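*Asks:* Here's the letter readout for the chains.
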Amino acid sequence: MTSDPREKLDRLVDLMIEETLADEVLTPDKADADKAKSILEAAKRRIARDRLVAARQAVEARKNGDRVVSLDLARARSELQQALSDKSGEATPLMLAARKGRVLSERDKDGLAADLEELRKLESDDT
Amino acid sequence: MQQDVVGTDERYSAAEISAALDGFDDLDWNRMNAIARRLSAAFRSMTADELLSEGIVAVLTTRTCKRSVDPRAFLAESMKSIASNASKKKASSEVSFDPALLDKPYRGDDRDEGPRDRAVGKTIASKGIADFAVDANELDRREAAFELANRLQTELDALFAGDEEMRFLLEGVCEGLRGSELSEFVGVDAARLATLRRRLARAFDRIREREMAS
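Protein chains in written order, with the working numbering: chain A, 1 to 127; chain B, 128 to 341.
Pulled out of the complex, with its shape left as it was, chain A reads as follows (with noise of 0.2 Å):
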């Protein structure tokens, strides 16, 4: 017999879960739906707010790195290869694609590519 009341907020929690994703009898209510489904949007708005951001200070470290280059490129090219990956070709966990530990897949490597590319043209426009 449990007596500690967190494990007994987990179980009623988990019922009261349980339930709701199989309540038939749920009413349906169009104006609830279409709120959540608004949120849905502005979370995936800012996923992908928060992604262009964080390509953004890639490309901001990859340009500090480009004036360490200039003292010695052979170095910070190095530092560079290191950063995207290791000898096994595993993900590192500073790289912004990385997957728990899990090997970078070209699909990643094509999207971080592309991040890049859309962050250089931005630049060139604020520019």
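To be clear, the hints were calculated from the coordinates, so they are not data collected in a lab.
In this text the structure is predicted, and so the values were computed from the model without any measurement.
Don't take every hint at face value.
[Claimed, not checked] Listing some non-contacts, in silico: residues in chain B with all C-beta distances to chain A over 10 Å: (1) 153; (2) 200; (3) 286; (4) 287; (5) 289; (6) 295; (7) 314; (8) 333; (9) 339.
[What the hints assert, rightly or not] When the alpha-carbon atoms are kept at most 25 Å apart in a straight line, the in silico SDA-like pairs for lysine to any residue are as follows: (10) 215(B) <-> 154(B); (11) 37(A) <-> 215(B); (12) 35(A) <-> 302(B); (13) 37(A) <-> 336(B); (14) 44(A) <-> 302(B); (15) 37(A) <-> 181(B); (16) 35(A) <-> 204(B); (17) 37(A) <-> 174(B); (18) 35(A) <-> 190(B); (19) 44(A) <-> 336(B); (20) 37(A) <-> 302(B); (21) 37(A) <-> 49(A).
[As the list claims (entries may be wrong)] Some chain B residues judged to face chain A by a derived CB distance under 10 Å, without partners named: (22) 151; (23) 155; (24) 158; (25) 170; (26) 172; (27) 179; (28) 266; (29) 277; (30) 293; (31) 315; (32) 317.
Glycine is no exception: its CB is placed at the ideal position from the N, C-alpha and C atoms.
Dock chain B against chain A, hints included.
*Replies:* Coordinates of chain B only, in the frame set by chain A:
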């Protein structure tokens, strides 16, 4: 950390989850809103809209989902986890660290047996103040979680006072009973149990209404 774009044999990709969300019908969204509202009532940490928004962001970015799990359940679980964690963070930010709790000053390499940390039962003689502050926060989070859980139980008990079936249901659920074990414990058949379970889920709405009215 981002979710796999492509996905794997075992897990959905972010794009697949996004497509699944786009495919939700109105009733699915009604259910998601209902869960968000009920979680908000249970954990009191965030509004229902905030929970839904943060839950969506999490399932599209940081969380991953096995293909055996329904995306609706995935989003619901994500909201639950966010609500629970937010209530803990809220609790720890509301109570400040009290230096008076330290009845023995920290001395570098002091290994003498010192006062016991009542939260986790460890000696604190060899700890720094920052470590102890973390433990104090952990203690605080645990106490807040106990308080939250006790409050919900008290409110549900009050809602169902005098209703023997619901009181047995509450007790059975809290003890981890499900299915036939639960219906046997409550003393009802499967159809009646389904009705009682639905009443319990909807009780969270009543708690929320009371909160909003107060």
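*Asks:* Work down the list of hints and note, for each, if the structure agrees.
*Replies:* Comparing the hints with the structure gives:
1. 153: Contrary to the label, residue 153(B) does not stay out of reach of chain A, its closest Cβ about 4 Å off (not over 10 Å).
2. 200: Residue 200(B) not clear of chain A: closest Cβ-Cβ about 6 Å, inside 10 Å.
3. 286: holds (12 Å)
4. 287: About 12 Å separates residue 287(B) from the closest Cβ of chain A, which puts it past 10 Å; holds.
5. 289: About 20 Å separates residue 289(B) from the closest Cβ of chain A, which puts it past 10 Å; holds.
6. 295: Per Cβ check, residue 295(B) is outside 10 Å of chain A; nearest 14 Å; holds.
7. 314: The claim stands: residue 314(B) keeps its Cβ more than 10 Å from every Cβ of chain A (closest is about 18 Å).
8. 333: Answer for residue 333(B): holds, closest chain A Cβ roughly 12 Å.
9. 339: Since the minimum Cβ distance to chain A is about 16 Å, residue 339(B) lies beyond 10 Å and the statement holds.
10. 215(B) <-> 154(B): Answer violated: residue 215(B) to residue 154(B) is near 31 Å, above 25 Å.
11. 37(A) <-> 215(B): Roughly 29 Å between the alpha carbons, so the hint for residue 37(A) and residue 215(B) is violated.
12. 35(A) <-> 302(B): At roughly 37 Å apart (the allowed maximum being 25 Å), residue 302(B) and residue 35(A) break the hint.
13. 37(A) <-> 336(B): Satisfied, since the Cα-Cα distance of roughly 24 Å is no more than 25 Å.
14. 44(A) <-> 302(B): Violated, at roughly 40 Å.
15. 37(A) <-> 181(B): holds (14 Å)
16. 35(A) <-> 204(B): holds (20 Å)
17. 37(A) <-> 174(B): holds (17 Å)
18. 35(A) <-> 190(B): holds (23 Å)
19. 44(A) <-> 336(B): violated (30 Å)
20. 37(A) <-> 302(B): violated (37 Å)
21. 37(A) <-> 49(A): holds (18 Å)
22. 151: holds (8 Å)
23. 155: Given a least distance of 8 Å, the restraint on residue 155(B) holds.
24. 158: Because about 5 Å separates residue 158(B) from the closest Cβ in chain A, which is inside the 10 Å limit, the hint holds.
25. 170: holds (8 Å)
26. 172: violated (13 Å)
27. 179: Check passed: Cβ of residue 179(B) comes within 5 Å of chain A, closer than 10 Å.
28. 266: violated (14 Å)
29. 277: Hint holds; residue 277(B) Cβ to chain A Cβ min 5 Å, cut 10 Å.
30. 293: violated (12 Å)
31. 315: violated (15 Å)
32. 317: violated (13 Å)
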